[in-house]
Amino acid sequence: MGARTLRCRRTTVALTLAFAALGPLCVFASSAADSDAPRVFFGRITSAGEPVVGALVTFSHGEPAHAVTVFSDEQGRYLSPPLAFASDYDVRVRRIGWKDAHRKGEAPSATRGLSFELERVDTAAEFAEQLPANHWYALVLEQLEEPAERAELKQQCTYCHQQGNWATRRERTREEWEKLLVLMGRRGAMISQSLRAKLPDAFTAAYAPENALPKLLAARKAGSPVPPPTAVARRALIEEWDLGGRASTQHDVMVHPDGRLYSVDGPQDALHRLDPSIPGGERKSWTVPRGDLPPGGVFASSGRATSTSNSHVGPHSLQTAPDGSIWITLAIGNQLARFDTLNETWTIHELADGIYPHTLRFDGTGRIWYTMAATNHVGMFDPETGEQRHVRLPARTWAQAIILRVMPLLLKIGSYIDIRGSAAEGDGIKMPVPYGIDIAPDGGVWFSQLNERRIGRVDPETLSLEMFETPFETPRRLRFDAKGGLWIPSFSESLLAHFDLEMREFRTWPLPVEPLGSETPYALAVDRETGSVWICGTNSDSMIRFEPEPERFTVYPLPTRVTYTREVDFDAQGRVWTSNSNGPTWQIEGGTPKVVRIDPTGAPSPATSPLFAKGAPLAANED
Numbered sequence: 099m100g101a102r103t104l105r106c107r108r109t110t111v112a113l114t115l116a117f118a119a120l121g122p123l124c125v126f127a128s129s130a131a132d133s134d135a136p137r138v139f140f141g142r143i144t145s146a147g148e149p150v151v152g153a154l155v156t157f158s159h160g161e162p163a164h165a166v167t168v169f170s171d172e173q174g175r176y177l178s179p180p181l182a183f184a185s186d187y188d189v190r191v192r193r194i195g196w197k198d199a200h201r202k203g204e205a206p207s208a209t210r211g212l213s214f215e216l217e218r219v220d221t222a223a224e225f226a227e228q229l230p231a232n233h234w235y236a237l238v239l240e241q242l243e244e245p246a247e248r249a250e251l252k253q254q255c256t257y258c259h260q261q262g263n264w265a266t267r268r269e270r271t272r273e274e275w276e277k278l279l280v281l282m283g284r285r286g287a288m289i290s291q292s293l294r295a296k297l298p299d300a301f302t303a304a305y306a307p308e309n310a311l312p313k314l315l316a317a318r319k320a321g322s323p324v325p326p327p328t329a330v331a332r333r334a335l336i337e338e339w340d341l342g343g344r345a346s347t348q349h350d351v352m353v354h355p356d357g358r359l360y361s362v363d364g365p366q367d368a369l370h371r372l373d374p375s376i377p378g379g380e381r382k383s384w385t386v387p388r389g390d391l392p393p394g395g396v397f398a399s400s401g402r403a404t405s406t407s408n409s410h411v412g413p414h415s416l417q418t419a420p421d422g423s424i425w426i427t428l429a430i431g432n433q434l435a436r437f438d439t440l441n442e443t444w445t446i447h448e449l450a451d452g453i454y455p456h457t458l459r460f461d462g463t464g465r466i467w468y469t470m471a472a473t474n475h476v477g478m479f480d481p482e483t484g485e486q487r488h489v490r491l492p493a494r495t496w497a498q499a500i501i502l503r504v505m506p507l508l509l510k511i512g513s514y515i516d517i518r519g520s521a522a523e524g525d526g527i528k529m530p531v532p533y534g535i536d537i538a539p540d541g542g543v544w545f546s547q548l549n550e551r552r553i554g555r556v557d558p559e560t561l562s563l564e565m566f567e568t569p570f571e572t573p574r575r576l577r578f579d580a581k582g583g584l585w586i587p588s589f590s591e592s593l594l595a596h597f598d599l600e601m602r603e604f605r606t607w608p609l610p611v612e613p614l615g616s617e618t619p620y621a622l623a624v625d626r627e628t629g630s631v632w633i634c635g636t637n638s639d640s641m642i643r644f645e646p647e648p649e650r651f652t653v654y655p656l657p658t659r660v661t662y663t664r665e666v667d668f669d670a671q672g673r674v675w676t677s678n679s680n681g682p683t684w685q686i687e688g689g690t691p692k693v694v695r696i697d698p699t700g701a702p703s704p705a706t707s708p709l710f711a712k713g714a715p716l717a718a719n720e721d
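Counting in the working numbering, the sequence shown runs from 99 upward without gaps.
FYI, nobody ran anything at the bench for these hints, they're computed from the structure. Treat the hints with care, as some may be off.
[Claimed, not checked] Derived Cβ-Cβ restraints for the label pairs, each shown as a range:
1) 605 / 708: 39 to 49 angstroms
2) 614 / 280: 27 to 37 angstroms
3) 393 / 689: 17 to 27 angstroms
4) 309 / 689: 53 to 63 angstroms
5) 182 / 328: 24 to 34 angstroms
6) 462 / 503: 44 to 54 angstroms
7) 265 / 384: 45 to 55 angstroms
8) 441 / 227: 47 to 57 angstroms
9) 328 / 183: 28 to 38 angstroms
10) 303 / 393: 31 to 41 angstroms
C-beta atoms are modelled at their ideal positions from N, C-alpha and C, and glycine is treated no differently.
Whole structure, please, built from the sequences with the hints as guidance.
Here it is in structure tokens:
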């Protein structure tokens, strides 16, 4: 193995000592031990003879793949949970600052360890390539002196994808950047002419290797480029399932009471289901009825559509109704859809007012409340009676108010005239964009206006409004805890906020993602049992947990590069679910969207495993 860059050792364990604590599972004849012992991977991750702490060790199987990831501990030890299949696992070891190590076609075994000797990356460029997008994005933000410009950039240029990942940081000429900005403008990223004039030079300067590499290399401290995950984070078990195809985007997910996960695929007008209890994951999908809507739905334009999009109705968000059915906002179809999970049938409801139903929640009476992003409404739909009610929210300016009023007319004109192209090259106008929504314990309906530094409350009976200015930009998807506290992520200011409804007071905490201010938290959710707030590390390939009582953050690195997380949900065991929905999907490592499950304490502990017990050393028998 001398010519190879990877040293990997298969090792045999002293069976009698190691399996003494495993009870009736163990049979000491070697052939029986191999067949009856738990199917696990275990071993050590080292570099130059020293343990590598916090390496992500991933075991992937099948097509579409199911991947299981654990972390190495302070001694470099790792241990997988019992795995479903007897062979054909691809094993990858990853830690920033070291070269990835791979083994294909491996078989889990509780009698033979699999250890890896990692090699350091050789160059600054290799090291920089491994860093999450937010490290690179921070270099762009440095180029803009005005806080308002940095906020505008974050608001408009990270809505759907990471900024600073391998694809978005590619070196381009000024002309290429200008074309790209117009293209993004056609897709809704409306930035001012003054900022649009500055951005090509800002991107070019930030991403130029001669500028970027020295700054990124400065993160290397005491031989460790990035601090390892904390001991708390290393207890996590992370699982990923490929879901959908290369042109799919798993925008939002939810866990059904039956334990299966459902996800909406906006570009392909599909609803997907994953049953994680089946080894490898059982997948099924359904096409959402489109009726006679054209490609692009009510937003159909005379301009050219994205080549990979097959969207007529654009399923966006989903929730489980009290009767177990699933309700979905069809954003560009301007409809609500009901999916009967037992009969696998659809019912489509046209909306009487407003455009672009976005996020939805059920109140205690079974009514649906949802934001309408394009026309600045909050809507209500009663599934039992069919009643609809709509509340027009306040605009900040007269220009906003006029545009919102004539939006239906503009959409009709846009089907004949390329308004998007003209708007993309114009000066842009910031619209309020009602976004997140949740129901308070008292039944009040709370929402955010993403672009207006405001949250508000709708009285569910009188539809009267209260508005509250936030001391931060871009409140996004907000959620209540069990005590009635409202938690809000600031997308562009990289912080977590809490709003006390009784005192009408805000508290904020900066997210502890380095470089500070480079994170773009898309959404959060609150575990009602533990009170923990789980926040999307959307631009840093991570999930972040905040425990309110000790006011403690824990950052969980995720195994896949370019993981753009959105909606968050919990299953009955308290495990955290989200999706990797970077758009476009081809930017995701592997090119396929995924759904992700995190069990915060699910990883087996090498410290208590008999496989690493004193007297049962890993013997260095090389393959």
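Structure-based check of each hint:
1. Taken as a hint, the range 39 to 49 angstroms holds for the pair residue 605 and residue 708, whose Cβ atoms sit roughly 46 angstroms apart.
2. Checked against the given bound of 27 to 37 angstroms, the beta carbons of residue 614 and residue 280, roughly 32 angstroms apart, stay inside it.
3. Checked against the hint of 17 to 27 angstroms, the pair residue 393 and residue 689 passes, with Cβ atoms roughly 23 angstroms apart.
4. Between residue 309 and residue 689 the beta carbon distance is about 29 angstroms. The supplied range of 53 to 63 angstroms is therefore violated.
5. A hinted range of 24 to 34 angstroms for the beta carbons of residue 182 and residue 328 is consistent with their spacing of about 29 angstroms.
6. The hint said 44 to 54 angstroms for the Cβ distance between residue 462 and residue 503, and at roughly 33 angstroms that hint is violated.
7. For the pair residue 265 and residue 384, the supplied restraint of 45 to 55 angstroms is violated, since their beta-carbon distance comes to about 31 angstroms.
8. For residue 441 paired with residue 227, a C-beta distance near 49 angstroms keeps the hint of 47 to 57 angstroms intact.
9. About 31 angstroms separates the C-beta atoms of residue 328 and residue 183, a value consistent with the hinted range of 28 to 38 angstroms.
10. At about 38 angstroms, the CB distance of residue 303 to residue 393 agrees with the hint of 31 to 41 angstroms.
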